[in-house]
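2 protein chains.
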Amino acid sequence: MSKFLRELVEKCVPGVSLDCVVLGYQNNVLKVLLLKYKEHNAWALPGGFLPQGQEMEEVIGLVLKERTGLDGVYLEQFKTYSSINRGWNCNEISQEGFNKLRSTWSTADRTVLDQWFNQRFISTAYFALINCNKAEPTPDAVSEECAWVPVNELPNLVLDHKKMISEALSQLKRQINFLPIGKELLDQKFTMLDLQRLYESILDQKLDRGNFQRKMMKLGILTRHEKLMTGAQNKAPYLYSIDLKVYDQLIKTGISFV
Amino acid sequence: MSKFLRELVEKCVPGVSLDCVVLGYQNNVLKVLLLKYKEHNAWALPGGFLPQGQEMEEVIGLVLKERTGLDGVYLEQFKTYSSINRGWNCNEISQEGFNKLRSTWSTADRTVLDQWFNQRFISTAYFALINCNKAEPTPDAVSEECAWVPVNELPNLVLDHKKMISEALSQLKRQINFLPIGKELLDQKFTMLDLQRLYESILDQKLDRGNFQRKMMKLGILTRHEKLMTGAQNKAPYLYSIDLKVYDQLIKTGISFV
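Just so you know, the sequences run in chain order A and B. The first sequence begins at 1 in full-length UniProt numbering and counts up one residue at a time. The second sequence begins at 1 in full-length UniProt numbering and counts up one residue at a time.
Note that these hints are calculated values from the structure, not bench results. All values derive from a computational prediction rather than experimental measurement. Glycine included, each C-beta is placed from N, C-alpha and C at the ideal position. Among the clues, some could well be false.
Computed from the model, here is a short list of chain A residues facing chain B with C-beta under 10 Å [to be verified]:
| no. | residue |
| --- | --- |
| 1 | Glu10 |
| 2 | Pro14 |
| 3 | Gly15 |
| 4 | Ser83 |
| 5 | Ile84 |
| 6 | Ser103 |
| 7 | Phe117 |
| 8 | Gln119 |
| 9 | Lys173 |
| 10 | Gln175 |
| 11 | Asn177 |
| 12 | Gly254 |
Computed Cβ-Cβ distance ranges for the label pairs, DEER-style [said to hold, decoys possible]:
| no. | chain 1 | residue 1 | chain 2 | residue 2 | range |
| --- | --- | --- | --- | --- | --- |
| 13 | B | Ile176 | A | Glu10 | 44 to 50 Å |
| 14 | A | Arg120 | B | Lys65 | 39 to 45 Å |
| 15 | B | Lys189 | A | Tyr199 | 36 to 42 Å |
| 16 | B | Asp109 | A | Asn89 | 35 to 41 Å |
| 17 | A | Tyr199 | B | Met1 | 54 to 60 Å |
| 18 | A | Lys100 | B | Ala147 | 53 to 59 Å |
Just chain A, same shape as in the assembly (with noise of 0.2 Å):
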């Protein structure tokens, strides 16, 4: 049995697993960060399992390490799935996935670990919010590809990563105002116009420019800039970063518009 199989089933909690939903934003769009499983049409959210000495936290943050390049990313725990129906036999993507990874498999080794993925396993679920310009997608030893995928246009997903995705989203956007979203997603320097489209993309609908502005502004988070220099200068709009200070103590009560 390879070293990395053995110290999953001699080390790690059984029946217990850790998937996370990497949301970043690119182009004004919601994205997700997808492994794509080696000769296999189907994608996967990065995870692992738990080593019995470590809190999951820290496995989470040494996964979006592997695969980001990035250190002390946002994350949140926001559910833990554990139905009886989630299994690798649960749809015929998880299926075809389970048995191409079990075909590399020794025969000997198949006993220990059928056990091992058949148990009933439990996942708990986390968001990461990240600034897609700063990361570097890198697959992992069972996947070919890593990369950004927008929330809208998902591919075929094994077990119930696509309904994780979909609740993580319902999360970020119940908590839209608890959330450090500005600060995690957008560059250091953006425009008005750069902080509405963020808003509209988590909340899924359009906000008004002239309300979103006047709001904003009242908050007391934003720091103006020099305006940004492509057209002309009557057009330009101003760049905007955020007041660390100020925000943070506001994110921690809720940021309200009322």
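Given chain A's structure and the hints, the job is docking chain B onto it.
Same frame as chain A, but now just chain B:
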């Protein structure tokens, strides 16, 4: 070994438990349902283990039915607790509680049960919203009391149950506009002040009476009824009820007071 303990070890998912922060509202105070251990000054949240063939929601539903007599209680999963430091030896109260429990086991059973209770446990926590007036608190086999306790006056709690309560309250606060708090926590008819006090308890801040009434009426979820006749006619407040059809629809997208 008792039937209960044998079934536990043989039929439940190892290392997985469930806890429920049952929140109720009574006399303008937010309360949580707690169990007091037999012959021990320690309290705990209602909860249980996860039988292999059952869904978590189903098990929590059964626990709530047994502890309150109620079916179909409003439930939401909010976090999974998995820290390597959350075992029965995490604090004195928990260790004493466990030792008391252990002293009731036969020497022969201890080997099996110690192994079960000393493995790393991952607990998925839910919160429930209940009208205290409808529930009949009922102790379980290891407790001598089941009672509503104000969330601001918590007694000694085992394990990380105090943290669970605190984080359930944070979630309730964060998601107040997405949860049917009025529907689940109040009686069918209530005064505007009752509703305001409920929001104030959850948000832990005073709200302006005029503003609150104006915003609530604007949502179109309240039906006005007769006056509550307790004192002088001209000071008697109106009674209201919730228009569930409008309310349930609003909750889905989040009640917006903007």
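Comparing the hints with the structure gives:
| no. | hint | in the structure |
| --- | --- | --- |
| 1 | Glu10 | 15 Å, violated |
| 2 | Pro14 | 7 Å, holds |
| 3 | Gly15 | 6 Å, holds |
| 4 | Ser83 | 6 Å, holds |
| 5 | Ile84 | 6 Å, holds |
| 6 | Ser103 | 28 Å, violated |
| 7 | Phe117 | 16 Å, violated |
| 8 | Gln119 | 9 Å, holds |
| 9 | Lys173 | 8 Å, holds |
| 10 | Gln175 | 6 Å, holds |
| 11 | Asn177 | 8 Å, holds |
| 12 | Gly254 | 7 Å, holds |
| 13 | B:Ile176 to A:Glu10: 44 to 50 Å | 46 Å, holds |
| 14 | A:Arg120 to B:Lys65: 39 to 45 Å | 24 Å, violated |
| 15 | B:Lys189 to A:Tyr199: 36 to 42 Å | 38 Å, holds |
| 16 | B:Asp109 to A:Asn89: 35 to 41 Å | 36 Å, holds |
| 17 | A:Tyr199 to B:Met1: 54 to 60 Å | 58 Å, holds |
| 18 | A:Lys100 to B:Ala147: 53 to 59 Å | 55 Å, holds |
Violation of the numbered hints given earlier is confined to hints 1, 6, 7 and 14; the remaining hints are satisfied by the structure.
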